[in-house]
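Which chain is which? The protein sequence lines are A and B, in order. If you count the first sequence from 1, position 98 lands on 98 in our numbering, and the numbers rise without skipping. If you count the second sequence from 1, position 8 lands on 8 in our numbering, and the numbers rise without skipping.
There may be inaccurate statements among the hints.
To give an idea of the interface, some chain B residues facing chain A are shown, with a C-beta separation under 10 Å as derived from the structure [unchecked claim]: (1) I27; (2) S42; (3) A134; (4) L240; (5) S243.
Just so you know, the hints here were simulated from the structure itself, not pulled from any lab data. Using N, Cα and C, we set each Cβ at its ideal position, and we do this for glycine too.
2 protein chains.
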Amino acid sequence: MATLENPSVEEAAEFIKAAVSEHKAIILVGNCWVNYKGRASSKLEPGERIVMIKDDGSVLVHRPSGYEPVNWQPAGCMFQTRVKEGILHVRAVRRKPSESVNISFDCVFLVSAMRLIDRGEFSLHASESDMQRAILVDPTLLEEGFKPIAYEKKVEPGFVDVYGVDREGRLVVVELKRRTAGKDAAMQLEKYIDFLKTVTNRELRGILVAPRLAKGVQTILTSLGLEFKALEPKRCAEVLHRSESRKLEDFF
Amino acid sequence: MATLENPSVEEAAEFIKAAVSEHKAIILVGNCWVNYKGRASSKLEPGERIVMIKDDGSVLVHRPSGYEPVNWQPAGCMFQTRVKEGILHVRAVRRKPSESVNISFDCVFLVSAMRLIDRGEFSLHASESDMQRAILVDPTLLEEGFKPIAYEKKVEPGFVDVYGVDREGRLVVVELKRRTAGKDAAMQLEKYIDFLKTVTNRELRGILVAPRLAKGVQTILTSLGLEFKALEPKRCAEVLHRSESRKLEDFF
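Build out the structure end to end from the sequences listed, making use of the hints.
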């Protein structure tokens, strides 16, 4: 790990070139402006930012606030670093598709290069109740046009996970499973539908939502006129994490 | 801007406390593990990472590779920093919804705190051709179940932007505009539909895709039996930027 504070742009350029050739991770802080050209294009006017170049050739430009980077490139960039007329230009180029990010600094506050070792595993957990909340926050997780009208609705055989109306006005009953859904889940859903048929004349749809179905369950669903929608708990966790801090009650 | 290299966990803790109270941005590099609990939960095993705390109280944990953070929190976190049995714990807490990220370090390589000023404007540009490519990459931008079958299809009055089939098997003709769509765009789409009616008996849908409609254009669309789908060029640019490096030809 090596660090330079307030280097000249020439010192920073030499430092970055060496670090890139050694595939080190680099942190660069200074006053910069950014131009992106590739799939679409963007322009960022001058300001003080934190730039991260990772050991896989991905790049992130972070403003002092906001959790999202203002510019970024995925892994696999090639880097061109040079100084021209007192300006340090770091250019990250990808070939397929052809695109480039140009980051230009007139002043560098800090540059640090490091070799980091990280083999730690990451595990993300979402419960069925998390999946339920995710669908209420973003009903398109189920399907376009779906409007939830209740959650944990009491029906005769128990509680329906999510209950709503599809874009054609049909009632929709959703049964959620966070793991592979088996025959039990299909039968449970069928029970709810059977009960609802006795209390409404409206057209009904039953949807089993789970990351995947156990063997043979698709056949059961089809024979019962029920549907399956694949949904990963991980995707739900991400939706929840990104969602604004609204309460469940706000949706009803 | 202040930086400590290889501080003890106690030195790092004091440094971070002071920087947080002054609402400075902080970069922290070291060996750490992370636990998140809130909307869903996650666990990250030990490894060497770069942690960024921004001046608005957002937090990012970055592994040495991959452009996405492995853990993150949006703006508005409160921070609790303490050392217990030789371990530095930085806890970022949000109240609404209640969630917390605990980052624990047994070794700190670098900690840097800075006050950055950034008022630079960011502008992102996507052309109609970018929007077209984005829909081919992710057809759900148009609607769930849409399957593109051609792009820039030649029909009598000119070229259709995107041409495909919806989930009910109806033919779909899409006219794209990157700015407010006016009467012209509606009439252009109607021309394509009129022509296609002369060559096919299949049911046809015409969808005008644009960020918004000019005044009165919704009425025209409705009277012609055409539809409108709101789509921001910015959203298309993001989809393209995130998409893997596949060629347009791969979709046909």
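Going down the list of hints, with the structure as the test:
1. I27: Because about 6 Å separates I27 of chain B from the closest Cβ in chain A, which is inside the 10 Å limit, the hint holds.
2. S42: With a closest approach of 4 Å, the S42 of chain B hint holds.
3. A134: Holds, about 8 Å.
4. L240: 4 Å, holds
5. S243: 7 Å, holds
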